[in-house]
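Asker: Here the sequence shown stands for residues 6 to 544, where the numbers follow the working numbering.
Hints were generated in silico from the structure; no laboratory data involved.
Hints may be right or wrong, so weigh each one.
[What the hints assert, rightly or not] Simulated pairs of lysine-lysine, DSS-like, Cα-Cα distance not exceeding 30 Å:
1) Lys-343 / Lys-442
2) Lys-74 / Lys-442
3) Lys-317 / Lys-212
[Stated by the list, open to error] Per label pair, the in silico range of CB-to-CB distance:
4) Ala-264 / Ala-90: 45 to 51 Å
5) Thr-234 / Leu-86: 29 to 35 Å
6) Gly-396 / Trp-519: 28 to 34 Å
These numbers come from a predicted model, not from an experiment.
Ideal Cβ positions, reconstructed from N, Cα and C, are used throughout, including at glycine.
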Amino acid sequence: MGFASVSSAAFCPGVQLRAIAVLQCVIVASVSDLRRSLRECAQQGFIGSMPLADARVQYDLSYGVDFWKRESAFWCVFSALAVAALGDVVSRFRAATQEELPMAFALCWTALCLLGAGMMPNSPFWLGFLNGLWMIRLAYYPLESSESPTPKATKNSAKIQIGREVSTDQDADMSNKETEYAGMTISDAESGLESLRGASEMEKRLKSIACTIVLTAAYAFLVPGLVTTLFTAHAEVGGITYVDIEKSTTGLVWMLFDAGNWIPALLILVYSVLMPFAKLTVLVGYAYLALLGRSRPDSFFASASGVATVQKISKWATIDCFTTATICGFFCEQDLLKIVLHDGFYYFMSYCVLSVTGALLIELPRETRPAHRKLLAPGAAQQPEKLVLLGAALSSAGVLAVLATLISMPIMRVEFGQVYLDASLSIVGVVGQLWTKGFSAAAVCLFALVVVVPAMDLVSTVLETFELASSLPARRWLRDFAMLDVFGLAVAITVATVSALHNDIHATLLPAGWALCLTSAILVYFAWAGASPTEEASR
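All chains should be built: construct the whole structure from the sequences, respecting the hints.
Answerer: This is the structure in structure tokens:
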């Protein structure tokens, strides 16, 4: 079975996506409430039936239920149409290029579906997640690699067979046939080059479309993430109110300025408020010149080096979210102090994740990409295989043990005598508190970005060091989504922030917290001095 037949069979991810879209439409059509909500949308129009979530939506129960039903119905149909369109693009891409989807696209789609499945467990997102895993599998091991020989190989075999059958008295005729086969071979080579060129162009186009969609969604979340309430904190004992705070990102910055904590305020202002707009300027300038076919290497704000810098700094915008999540994790341990994460937290976290994803989808010229340098000397991989595997296994176990120790030891202590709060929590403890108190999305994001992805990044670094995996396709993604260093800086900012909430709140870094800050400083140094610690050590 060749590639063309595979692309039209159930193995094709595009066909699977369209099947998921049809299934989602069937689900919507089978639910009477959703059908009625769709009719209301069609009769009144989207704007008329979807008013803003004002006070009436929040406090009028029946009105709010109708509002969310209409919104659910609309977005179910919209997402089904979007998935169907994506399936068509995927099928056309595979048919035109005879190649599988890029690994970056497969990883992005899988992560998006996993996030949706986590937020809505009883949804077709799980099918999309399985579809993403299938895309990843095809990117690593294409189905055609294990099938029958390609037409070109069959043609060459036929040529050899013909050569064996031709008798000696047909040498002249054989010479003519060889010339004909040589011409066919050259033609095949030219068509192969054209196919590769077309595949490369289609891959770039697909990445550009995905990048545009992701960055547009990211900046759609940015403004509400900056001005909408991040968290509220309220502490009342015996009728006396000790804490009553409602802060957005910008409000948090001004609160720190008023409290005299200039350095934390400037860090949040630069990384979470100013930097997103600077990133947008760089990306728009680079995209505009690329569209015109020009380049401005002398201008940082419109050059590939500027985009490479944006890719490095994108993850640091999450400082604000990590600070808020850490504060919530510590204070939600005490029932007398009520702290709640609001929509602003989720808006801004969505911006951060989508912004990093969009920046990584930007295709840069090869000369601007960091060169891969090996730590081991040439030929080291030729050492006995068992020794190399043993060294890699021991090194991986060592770095994972250090990471496990770091995340399981208390990093900070917070005391607030008026509400009888005396908490010392580790990173795992903060995640557990968030999960227990109902902030599951914040807990999942914190655990994934601060624990899981850094662990995978460390293991991949060890594998590269021992030349066991010199070209992992997800290496850049792991490096930029590994945010243990960002969390270390966020912990230091948290110490200043909780002191600004009330004069009687005292926060101190414990030894593990200082070790975390030191680790963050080392990771930041390696991130800016080179692409990874492995590369820096090879200098």
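Asker: Are the hints correct? Go through all of them and say.
Answerer: Against the structure, the hints come out as follows:
Proximity of Lys-343 to Lys-442 is assessed by CA-CA distance (about 11 Å); at most 30 Å being required, the pair is judged to hold. As the CA atoms of Lys-74 and Lys-442 are separated by approximately 27 Å, the hinted pair is consistent with the 30 Å bound. With a C-alpha separation of about 19 Å, the suggested pairing of Lys-317 with Lys-212 holds against the 30 Å cut-off. For the hinted restraint 45 to 51 Å between Ala-264 and Ala-90, the CB-CB distance of approximately 50 Å keeps it satisfied.
Thr-234 and Leu-86 have their C-beta atoms about 33 Å apart, which keeps the hinted 29 to 35 Å range intact. The given range of 28 to 34 Å is respected by Gly-396 and Trp-519, whose C-beta atoms sit roughly 31 Å from each other.
When held up to the earlier numbered hints, the structure conflicts with none and fits them all.
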